[in-house]
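Given only the sequences and the hints, what does the whole structure look like? Please build it.
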Amino acid sequence: MTITITDFLVAFGVAFCGWALQTSVSGITRKTVARMQKRYGPKWYQNFRDIFKLLNKRAITHGWVYDFGVIMALAGIIGTAMFTPVANIVVFKGYDNFFVFVYLFAVGMLGMAMSASGSGNPLASIGVMRALTQMVGYEVPFMVIVLALIHVRDTSSISALVDIQQASGWNLVVMPIGTIVGFICLMGMLGKKPFDTYIAPAELASGPMVEYGGKQLGMLMIMHEIATFVEISLFVNLFLGGGSNILEFLVKYFIVYTLASYVSNVLGRFKIDQVVTFYYKIPILLALIQAGMLVIFGWGV
Amino acid sequence: MTILTIIIALIVLSFATYYITKINNQVGAYTTVVVTLAALVIFLLEGDKLSGASSIGILRFSVTPLAWFFSIIMLIVYSMVAFFNPYWMKKILHPGAYNMLFLLSLAGTIGVFFAENFIVMFIFWEIVVWASMFIIPFGKSRTASVVYYAMSTFGSFTFLYAIFMLYANYGTFVIKDSLEAAKGDANIAIAAFILMLLAGFIKLGIFPFHIWLPMAHGNAPDTFSPILSGGLVKLGAFLTILITTLLPIHEVTKDQAYIFGVPILIYVLMIFGAISIVVGTLMAIKQDDAKKLLAYSSVANGGYILIGILLYDEMALSGALIHIFGHAIASATAFLTIAAVSYRTGTTKMSELGGMIHKMPITYVVYLMAIISMAGIPPMTGFISKWLLFQALADQGMFFIATTMFFGSIGSFLYVFRPLSVLFLGQLKPEHKTVKEAPIGMLIPMVILSGITLFYGVLPNSLVEYTAKIESALGFDKVIETSALVIQGNNGDLHAPLITGIFAFGFIIALIIFLIAPKSRKVGLMDTYTAGEFLYTPSLYHAGYAYYAPFERLYQKHPNIVALFAALVQKVKDFGKFIRFVFFSRWPGRGVMFIILTMILLMWGEKL
Amino acid sequence: MKEIKLFLGPQHPGMHGNASVHMYVEGDIINKSRLVPGMLHRGFEKSMENRTWMNNIGLIPRVCVVEPDINEMCFAQGAEILNEVLVPEKAHYIRMLILELARISIHLMSLGGIGGPTGLYTAMYWAQADRDLLLDIFEAITGHRVYHMYIVPGGVRKDLPEGIEKLIIKTLDGIESRLPEYEDLIFNNPTMQSRMVGEIMLPAEVVWDLGVTGIGMRSATGEAYDLRKVNPYARYDQVEFDVPVATYSDAYTRMKLKMLEVYQSIRIIRQVLDGMPEGKPNVKISRGSALKWTVKEGQIYSAVESSRGEFGYYMVSDGGTSPYRVAVRGASYPQGLLGIEKYMPGTRIDDAPLWFDTMGICSPEIDR
Amino acid sequence: MMNSTNRPGMNEMVNELKARFNVEEVTFVQDHEAHVDLHRKDLHEALTYMKQNGFRQLSAVTCIDWPNEKIFQLIFNIYDWSKGNRFIFRVKIDREEAMFTTITNIYGGAKYYEREVHEFFGVVFEGNDSALKQLFLEQWDDLPPLRKDFDSRAYSDRKYVKREYKTSFGEKGGEPFERN
Amino acid sequence: MAKKANIKKDKVKKIVIDKSKSIIDAPSGMFSDKINEPFAHEMIVSKDRSENLTPKQRKRKWKSMANYFSANSLWMLMYCTGCCAIELPQAMTSRYDMERLGMGPMATPRQADILLITGYLSLKTLRRLIYTYEQMSEPKYVVGFGPCTLNGGIYHDSHAVINQLDQYVPIDLYIAGCMPKPEAVMNGFQDLIDLIEVGEATGWKDYHARYEWYKQNQKEALGEVMIHDEFHE
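Protein chains in written order, with this note's numbering: chain A, 1 to 301; chain B, 1001 to 1608; chain C, 2001 to 2368; chain D, 3001 to 3180; chain E, 4001 to 4233.
Any given hint could be a false lead.
Stated by the list, open to error - Derived pair list, reagent style DSS-like, types lysine-lysine, alpha-carbon separation capped at 27 Å: (1) Lys2166(C) / Lys2280(C); (2) Lys2292(C) / Lys2280(C); (3) Lys2002(C) / Lys1359(B); (4) Lys2292(C) / Lys1557(B); (5) Lys281(A) / Lys1286(B); (6) Lys1557(B) / Lys2002(C); (7) Lys3051(D) / Lys2296(C); (8) Lys3083(D) / Lys2229(C); (9) Lys1022(B) / Lys1140(B); (10) Lys1433(B) / Lys1359(B); (11) Lys1573(B) / Lys1140(B); (12) Lys2170(C) / Lys4181(E); (13) Lys3092(D) / Lys3133(D); (14) Lys2158(C) / Lys1349(B); (15) Lys1433(B) / Lys1571(B); (16) Lys1349(B) / Lys1429(B); (17) Lys4181(E) / Lys3162(D); (18) Lys2292(C) / Lys3148(D); (19) Lys4181(E) / Lys3133(D); (20) Lys2158(C) / Lys4181(E); (21) Lys1183(B) / Lys1254(B); (22) Lys2166(C) / Lys4181(E); (23) Lys1286(B) / Lys2002(C); (24) Lys1049(B) / Lys1478(B); (25) Lys1429(B) / Lys2002(C); (26) Lys4181(E) / Lys31(A).
Unchecked claim - One-sided and incomplete, this derived list gives chain C residues near chain A with beta-carbon spacing under 8 Å: (27) His2012; (28) Gly2116; (29) Pro2117; (30) Tyr2125; (31) Leu2185; (32) Asn2188; (33) Asn2189; (34) Met2192; (35) Pro2345; (36) Ile2349; (37) Asp2350; (38) Pro2353.
Hints listed in this document are in silico derivations from the structure and should not be mistaken for laboratory results. Each residue gets a CB set at the ideal place from its N, CA and C atoms; glycine is no exception.
This is the structure:
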């Protein structure tokens, strides 16, 4: 398969629409969560206003790595989003490898971490430290589950996994335990409570974000929205069978994100070592059990 | 040109360097640069034309793609590190000896790679061990050298025992022949395999033999640590690949029970690799000394390499080979950057440093690229090898091993980020206000090494093709496949240039957004959020010490293998004391008495 | 360099109020910490000397922003005892009503405030919303939402409005019915338990060492050390209520006691409303001008039980129209200053903000 | 003001104090509150004695400025939670040479109260070095503010810019206030 | 320049809080069984706000998209300098729900757009406030709460509290009341939004223009703004 510039543009279109989608969805969720808290909440397009306002501000910079890290972060996440298969729009079919997702995503995270540490604020460093520590928690169970999935499905391409699910049933049915683990890990990835330890405003004054303002913060917000889009899409594609058409995909997407937001709103925040111990108690055990069920016994396949 | 010529030339030149250095430090140091570079150029130019034909007596050599691959890695590392030697001549106790041993160890490694029979291999193996053993105490600690030597000697003994065992049974020292012959008798084959593997384990720093590695790497002279980590450790990998594939161990052990598609013995050995990954990762996260941190990361990476080799799968072996290449380069680069920082500031303790990016930006970028590779993030070589290894693991469905590998992989983000954040970023300490960028002679090799890492991360195909060649030479039925720009795995394809292209595309988009938005105002590093309070001491606002404190606390009370070894050492010492008490005391009567008693007992036994 | 210096406040989301904690942190453990007060220092004690007794009524609620009524009570009580004025029975009951409503209000704020450090913002939204209804009651009774200036020497400023009992009962019923929900949200929530149980211990000997009073003392010693019981003021000896106590003072227990005190306060208010006597709500505090009244010469320490412990005014009068000297004993003085210096080291930075919520530290009353 | 009280423990305690120390005067303000004027030399022993007898809490340490008599009156406020009795010890010290010995070795909680008294009145507590530093104020450049001879209004007028109004509210004869 | 929003004649009240019902009745929906039923007051915003603007202002309004975004996404700094802050949680949370205006609390000055000076300022706070204000990224707005920021209020004769805040930092808007009720706070914020939309909240520009003057005043009152003392080193 040859790759043309059109493919790049279409893929960028996916990333851009993903951003717009997630920004709107999170606006809607802010409104619904506000109802849980007995209030009206902001307009659904408030996040757009926030982002554009930030891009308009006259920001400060702490040196070149502070700026470069932000650009790298956004670049990594845009790149990851360009690989994301959305329903039947699959641009780089076959190359949307799961491990590419995991590690290309890490480029963005590394960029942000670097930029945050480059700001020279210890609170940012501590925040980054917590974010990385948390990563050790949630990535491992998630990757074990997906590894077992790849083993039984014989492909690590996300779009191929979606196709298999469209044909033979969702992985939610095939591996219910794995889906639960995946959801718990998704909460960690999204940084939803109780796993928002690295932001923890009361302790770290918003952690890695502590020095950001203006366009850098705006770009990180864009990055955050796209990252959320990638993560939720990954979950939908891996466990909920993606979507045969856009609408189905969007419905699943909306449900997953809203569910994660709702759950997070009635939970407190863990401390960082509690996060790691939590993931290394139940989710990893469940993940191993699920992997054993799939790989050794072949149940559900 | 033959291998023998090159090796002899290296040995001769190494002694010559000693005297040159005696006359003039700098000239001696530059000689090492010229010699290593010349060797690299010869190897690259001659390529496959190198021959092992000429020989002196038992000194016979054979040229294989595997040996060529390893020696190229070794020569790249050696020649690049050699650039640093001139700057260290003043700091090292015996510059002449250092330069000599430097070249001698290179000769030794090349000898090991191309040796045709086990005896030659063993001789050169010992040359490497001795040469490096003498170099290590030029740094900070003598104990490190002792531990290294004790460990290596143990490995050498088992290696030698295996060689003689094979010789006793099959009457040949030639590697290929003796291993071929051993195939017939599973017990001997397995015994020889394990005995030789022990030597490999020790060199590679696999648990439980990993303790020498951080001690030696951490305490060796700053210029020699990259050689140890990037070069000499890989000797173990070479030996492991050699015996695993030439035997091949999977065929020998095919009668055993299988777990996850591999024989139980292999699985157990892989567990050692897995433990190394976990131990290396956890210990690396704890370290405050940047060199020790990188040394423990070598332990963890040794685990990956071992698992990749033992999987005995064309993707896994290719992954392991690329990992050896990638890690050798990246680890050497990282060690070199630390050496550069140490050259300018005189310390490698991260908590004593900070904000070096403002003084050493190029060094920072080089380090950044090295750690991206070490963490396995695209677009660097490390990603290619990790991708291949994960594919192979998924293929086998080994999820327990995979768990540790994922843990090590994510854990590597933690430990590689620590020097980045603590040493290079953050607040600049006042005492380092006058520090300058590393001298140009240091920057050149670092930039070249980074270039190599990046190049093979973006266009890995030539590398993968060469691993395919190695695999076919080692007798694999199926070799890793590549087409145009795509690496084809069993479970999916990897298009490395596409990933880079997309990243570059994203970068352009992000850059456009950044440039459109209003320009930002530059502020000082101490003009930062302090909750409104006032602070003027940069070192008080730099999170460096106990960086991962909450995470470290989780495994604070871990069982410590060092304690076990310490207990062993204590036992040996006690035994030595007893011996001394009996034989070397002021009253020889005690010794005489003991001997008489023993003799009586022996004779008694004979009579009975 | 092993230590870094972190600041909790003055401009920090974890800090309620305007004060700063300077922490020397190693890893994530606090090695050394100091409260830096004085950001809210207004020279209260000096200003009170410069104003007449009458003028001071407007000034004193501002000593503690979150719980102003105790100031009025202290001030009024002190002036009355010095002047040997007997306050009408009705005034006592209304005072109890106001004080208990204020107690509920600050405990609700505190229950919501725990959402800040632990990230449970829903609790914050709920509690603030419920608290706002109490502020409505205050507005109906006194005309003000926060600073009421209602309890004045000689009684209360004016009588209760018609029909207020209905509103109070309705609101309290509502709040009481919502308390189990708070219990589910905060106390039965596993994530919250993991954050609060066993954290920020306050052993009994520490209590005596510091001089902590109020919930901190009661949760550690297990004794009903409550001024309302020990030295009853107003008519607290005529209403039935229990003082919740505990012997294991961690963050969780202290929050739980606050919650239980809300139940008790509601119980007191019910009794107060039932037994509300008839009559005038106030008497004249002294002879002479209505605005420039005087207080007899003398010194007195007038203390009441605030939500954070013993809150007192040491009042000195020289018989003039202004107080000669008023010294305020802020209830959170011991845990705020000495507690942070001596007992905060060893805590993790994650738990540092919890200190302020569960120990009950009110920075304006420390600074004055 | 009462001269005796019926509350259990109070009278006995007062009698004990009178027997042991140089008590100048005892006043009962409320039935649970006794004000005891002590000679400054006896204060530490008296406090030690009281602490041993149940008065485990130091409620406050404060100070009153009597410029006409040229004295500072130091107030030590202690409380017995189990009985509900409160004793307030008052000692007089010289205003010009305001020195006193710290009580932090008896009541550790006095540390910051003493610091506050030093900051606001200028009383030096020997043995409590930390009390010499500023606590609430920052870069204070005048008399200790709670002394009677410090005029806070004059200080404020001198130091801070005041908003100018067209009318003076305090005195008669100003122009009528106009909203702009 | 300082502006008194509540005196501006050409403005209509933007938020009408429904208080027509007797205060003795609890708000409806408060204790209903439905947990997610909001009990925030309805906010009635007049539809066409631009009808009160002069032609010049209207022109400027359409000119600048940036102002629109700045106005409708005001992030405030979580900094309570004095007692007026006690009503902010009420304004923020369910009853008055400030988030409807796109406002929200932010942790650090870098992120924030508006600085709320909630009441009196002691010298100690003023130092930190100026430092914080200078750390904020532009455009930034300052709102003064209560009389204490205007003329010292009840603490006009205190030795520790400054009297006139606009001498030290530029104020864009004052909100009256001691302390301002949440309704007043919300109303004030709505006024601020209007001011920003027409581009008249220019305090931060004034701070640039008269930087020397502000610095001079700060120096007179504070001595040095960034202090070195026992706690800091």
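Hints versus structure:
Taking the CA atoms of lysine 2166(C) and lysine 2280(C), the gap is about 21 Å. The hint holds against a cut of 27 Å. For the hint linking lysine 2292(C) to lysine 2280(C), the alpha-carbon distance of about 22 Å falls within 27 Å, and the restraint holds. With a CA separation close to 23 Å, the supplied pair lysine 2002(C) and lysine 1359(B) stays within the 27 Å bound. Annotation: proposed proximity of lysine 2292(C) to lysine 1557(B) is violated, straight-line Cα distance about 72 Å (limit 27 Å).
Pair hint lysine 281(A) plus lysine 1286(B) holds up; C-alpha atoms about 22 Å apart against a cutoff of 27 Å. Annotation: proposed proximity of lysine 1557(B) to lysine 2002(C) holds, straight-line Cα distance about 22 Å (limit 27 Å). This hinted pair does not check out: lysine 3051(D) and lysine 2296(C) have alpha carbons roughly 32 Å apart, beyond 27 Å. Our distance criterion of 27 Å between C-alpha atoms is met by lysine 3083(D) and lysine 2229(C), whose separation comes to about 11 Å.
Between lysine 1022(B) and lysine 1140(B) the CA atoms are separated by roughly 23 Å; this keeps the pair inside 27 Å, and the hint holds. The hinted pair formed by lysine 1433(B) and lysine 1359(B) meets the criterion: a straight-line CA distance of about 8 Å does not exceed 27 Å. Our distance criterion of 27 Å between C-alpha atoms is met by lysine 1573(B) and lysine 1140(B), whose separation comes to about 24 Å. For the proposed pair lysine 2170(C) and lysine 4181(E), the alpha carbon gap of about 24 Å is at most 27 Å, so the pair holds.
With a C-alpha separation of about 23 Å, the suggested pairing of lysine 3092(D) with lysine 3133(D) holds against the 27 Å cut-off. Only pairs whose Cα atoms come within 27 Å are accepted, and lysine 2158(C) paired with lysine 1349(B) is rejected, the gap being roughly 71 Å. For the given pair, lysine 1433(B) sits about 50 Å from lysine 1571(B) by alpha-carbon distance, which is inconsistent with the 27 Å threshold. This hinted pair checks out: lysine 1349(B) and lysine 1429(B) have alpha carbons roughly 13 Å apart, not beyond 27 Å.
For the proposed pair lysine 4181(E) and lysine 3162(D), the alpha carbon gap of about 26 Å is at most 27 Å, so the pair holds. Distance restraint check for lysine 2292(C) and lysine 3148(D): the Cα-Cα separation of roughly 21 Å lies within the 27 Å cut-off, and the hinted pair is therefore satisfied. As the CA atoms of lysine 4181(E) and lysine 3133(D) are separated by approximately 39 Å, the hinted pair breaks the 27 Å bound. As the CA atoms of lysine 2158(C) and lysine 4181(E) are separated by approximately 22 Å, the hinted pair is consistent with the 27 Å bound.
A C-alpha spacing of about 11 Å is found between lysine 1183(B) and lysine 1254(B), which places the hinted pair at or below 27 Å, so the restraint holds. Taking the CA atoms of lysine 2166(C) and lysine 4181(E), the gap is about 24 Å. The hint holds against a cut of 27 Å. Only pairs whose Cα atoms come within 27 Å are accepted, and lysine 1286(B) paired with lysine 2002(C) is accepted, the gap being roughly 15 Å. A threshold of 27 Å between alpha carbons decides the hint, and for lysine 1049(B) with lysine 1478(B) the separation of about 26 Å falls inside it, so the pair holds.
For the proposed pair lysine 1429(B) and lysine 2002(C), the alpha carbon gap of about 13 Å is at most 27 Å, so the pair holds. Of the pairs offered as hints, the one joining lysine 4181(E) and lysine 31(A) holds, with about 25 Å between alpha carbons and a cut-off of 27 Å not exceeded. Checking histidine 2012(C) against chain A: minimum C-beta separation of about 6 Å stays under 8 Å; hint holds. Evaluation of the glycine 2116(C) hint against chain A yields a held restraint, the C-beta minimum of about 5 Å falling below 8 Å.
For proline 2117(C), the shortest C-beta to C-beta distance to chain A is roughly 4 Å, which falls under 8 Å, so the interface hint holds. The criterion of a C-beta within 8 Å of any C-beta in chain A is met by tyrosine 2125(C), whose closest approach is roughly 4 Å, and the hint holds. The closest approach between the C-beta of leucine 2185(C) and any C-beta of chain A is roughly 7 Å, which is under the 8 Å cut-off, so the hint is satisfied. Given the 8 Å rule on beta carbons, the hint for asparagine 2188(C) is violated: about 11 Å separates it from the nearest Cβ of chain A.
This hint holds: asparagine 2189(C) has a C-beta 6 Å from the nearest C-beta of chain A, less than the 8 Å allowed. Because the smallest distance between the Cβ of methionine 2192(C) and any Cβ of chain A comes to about 4 Å, under 8 Å, the interface hint for this residue holds. Because the beta carbon of proline 2345(C) sits about 17 Å from the nearest beta carbon in chain A, more than 8 Å, this interface hint is broken. A hinted interface residue such as isoleucine 2349(C) counts as satisfied when its beta carbon comes closer than 8 Å to some beta carbon of chain A; here the least separation is about 6 Å, so the hint holds.
Annotation: aspartate 2350(C) was flagged as interfacial toward chain A, and the flag holds, the nearest CB pair being 5 Å apart, inside 8 Å. Of the supplied interface hints, the one on proline 2353(C) holds, with its beta-carbon coming within about 4 Å of a beta-carbon of chain A, less than 8 Å.
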